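Colleague: Combine the two chains into a complex, taking the hints into account.
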Amino acid sequence: MHPTPRPHDLLWGLRPEHLPQEAPAWARVALGGHVPVVVRRAAAEAGWVAVGVRGTAREQRYASWMRVADIRRLVSPEAVARAGRWRNHPQSHWPALRALAHLQPRFADLGLAWGVTGSLGFELASGVSAAHLDSDLDLLLRAPYPLPREWARTLCSVLDEAPGRIDVQLETPQGAVALREWASAAPRVLLKTQAGPLLLSDPWRAERTAA
Amino acid sequence: METLSFEFPAGQPAQRRALVGCVGSGDLEVLLEPGQAGTLAIQVVTSVNGSAPRWQQLFERMFREQQLPALNIAIHDFGATPGVVRLRLEQGLEELNHG
Numbered sequence: 000m001h002p003t004p005r006p007h008d009l010l011w012g013l014r015p016e017h018l019p020q021e022a023p024a025w026a027r028v029a030l031g032g033h034v035p036v037v038v039r040r041a042a043a044e045a046g047w048v049a050v051g052v053r054g055t056a057r058e059q060r061y062a063s064w065m066r067v068a069d070i071r072r073l074v075s076p077e078a079v080a081r082a083g084r085w086r087n088h089p090q091s092h093w094p095a096l097r098a099l100a101h102l103q104p105r106f107a108d109l110g111l112a113w114g115v116t117g118s119l120g121f122e123l124a125s126g127v128s129a130a131h132l133d134s135d136l137d138l139l140l141r142a143p144y145p146l147p148r149e150w151a152r153t154l155c156s157v158l159d160e161a162p163g164r165i166d167v168q169l170e171t172p173q174g175a176v177a178l179r180e181w182a183s184a185a186p187r188v189l190l191k192t193q194a195g196p197l198l199l200s201d202p203w204r205a206e207r208t209a210a
Numbered sequence: 000m001e002t003l004s005f006e007f008p009a010g011q012p013a014q015r016r017a018l019v020g021c022v023g024s025g026d027l028e029v030l031l032e033p034g035q036a037g038t039l040a041i042q043v044v045t046s047v048n049g050s051a052p053r054w055q056q057l058f059e060r061m062f063r064e065q066q067l068p069a070l071n072i073a074i075h076d077f078g079a080t081p082g083v084v085r086l087r088l089e090q091g092l093e094e095l096n097h098g
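Taken in sequence, the protein lines are chains P and Y.
Residues in the first sequence are numbered from 0 upward in steps of one, following numbering that gives the first Met the number 0.
Residues in the second sequence are numbered from 0 upward in steps of one, following numbering that gives the first Met the number 0.
Just chain Y, same shape as in the assembly (with noise of 0.2 Å):
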């Protein structure tokens, strides 16, 4: 188990909240939450030594197409691929805008 933190420029805070995902192999739980204006706050617990590169790469990524609103996001990850990371996030953050 790891603990990992990563902080990137944001907008407003968030309005809400969203929980998304699932708890088990290969997959993540992603808890969204209105965090400081301007900062995106992420904490990763994940079971995968080693693995902070490249959440730092997948999050540059993601992040550099869009302004996030301020959220601090919790991610609980159980060995999930980055294409899981990926729409599990995009399925957070669609659920902050319609939830």
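Only chain P is shown next, with the shape it has when bound in the complex (with noise of 0.2 Å):
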């Protein structure tokens, strides 16, 4: 029995003739070679996950669905930050992949619940070749209680000290905000729920007003 899967868990078990029929053909190679799909923040019936399936070009992504019972193996963001595999990853020259060396013990140090998502992360999970030089480092937070927007100027500093471009994603219990937005001044942030993306003062509180 697995946890219930979160947006950015990375499932096993999606099977090429588990697809739609309109499905493109990238999709089922893709499956075919037993990649893991991404867990989309969508809505999804009792029984079902929304996931993602991510082919070999940026523009190849294709939005699915996926029953509970058929995941075989599962990895979480955070899994991906404990396992630490960047340290043999070939490429250490990448900024992604210095970057994540210079804040993985500034995070540990912080007491911070994070996880690295994105192409990296994918790539660091499956050993499927996702990320490339340019790749920006895309990590998550857990934060199920509010941060003060002062905490959240302090992180970026601390990031603004590592290599490449890191995008933090704030997973609250609403849905997801960057880092940086809600460490500008912007009277009202983006919030990304399963319903949709919201414009709101506190992304702790979702008022139930979709966009």
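Calculated from the structure, these hints are not laboratory results.
Mixed in with the good hints, there may be bad ones.
[Claimed, not checked] Residues from chain Y shown here face chain P by an in silico Cβ test under 8 Å; the list is partial:
#1 Val19
#2 Cys21
#3 Gly23
#4 Ser24
#5 Asp26
#6 Ser46
#7 Val47
#8 Asn48
#9 Gly82
#10 Val83
#11 Leu86
#12 Gln90
Here the structure is a predicted model, which means the values were calculated and not measured.
Each residue gets a CB set at the ideal place from its N, CA and C atoms; glycine is no exception.
Modeller: Put into structure tokens, the structure is as follows:
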């Protein structure tokens, strides 16, 4: 039994024959190679989870659904961070990998619950090439309780000392908000929720007014 | 990377500028600046190739209901969904009015 999948978790077990007829050929090819799918932030019926299939090209993304019963393996972004496989990555000069090496001890000192997402998280978890020299470092930070905007600014200054572009998403119980936006002076910030994006002054308190 | 240009009819130039949004996957940055009277000029730099028809549709739908002030809008897109694009544009227009 796996924990309930959350956005950005990687799931194994979706097979080419599970895809609907209209699915693109590249998506079938990708799943035939036993690559994982990425949990999307979208609603699904009971017993199903919204997922995205990644192809080799950047625009190759296919949105689909997977039966929870078909999940063979689940790797969370935190598990990718804990495994620390970037230390053995052959392209250790990539800015995103250097940033990971730089940030890991600092995040540990701060006691943050964090994980690696995006193309690099996918590659580190699956061994399937997805990231490249110019890849951003995409991270998520679990934020079950409200974080002061001042704290967000302090964390941004920690990120600014690391190489490359780093995108940290704060995962609140309601959805995800960009750390940099929460650290800004914007009166309202964009929260990505299961029901779509919302503009809110407090991303920990989503009013029920969908966009 | 693709750069796309769009033009729509508009009113008098806006009085101020606004910058909203975020650099990062699934998001976009929108800079709104006063433009030439009568023209709403939009430039989109996007990481998604072949997306021109989708932008055209989205803008047409948004600007059908309201005549906007004359603006030069620069969009830097990192694969945002149409829902995010619409919200960010609304947020930018709101800041022009109240900012």
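Colleague: All the hints need checking, so say for each whether the structure fits it.
Modeller: Status of the hints after comparison with the structure:
{"no.": "1", "hint": "Val19", "verdict": "7 Å, holds"}
{"no.": "2", "hint": "Cys21", "verdict": "4 Å, holds"}
{"no.": "3", "hint": "Gly23", "verdict": "4 Å, holds"}
{"no.": "4", "hint": "Ser24", "verdict": "6 Å, holds"}
{"no.": "5", "hint": "Asp26", "verdict": "6 Å, holds"}
{"no.": "6", "hint": "Ser46", "verdict": "7 Å, holds"}
{"no.": "7", "hint": "Val47", "verdict": "6 Å, holds"}
{"no.": "8", "hint": "Asn48", "verdict": "6 Å, holds"}
{"no.": "9", "hint": "Gly82", "verdict": "5 Å, holds"}
{"no.": "10", "hint": "Val83", "verdict": "5 Å, holds"}
{"no.": "11", "hint": "Leu86", "verdict": "5 Å, holds"}
{"no.": "12", "hint": "Gln90", "verdict": "6 Å, holds"}
The structure fails none of the hints (numbered hints given earlier).
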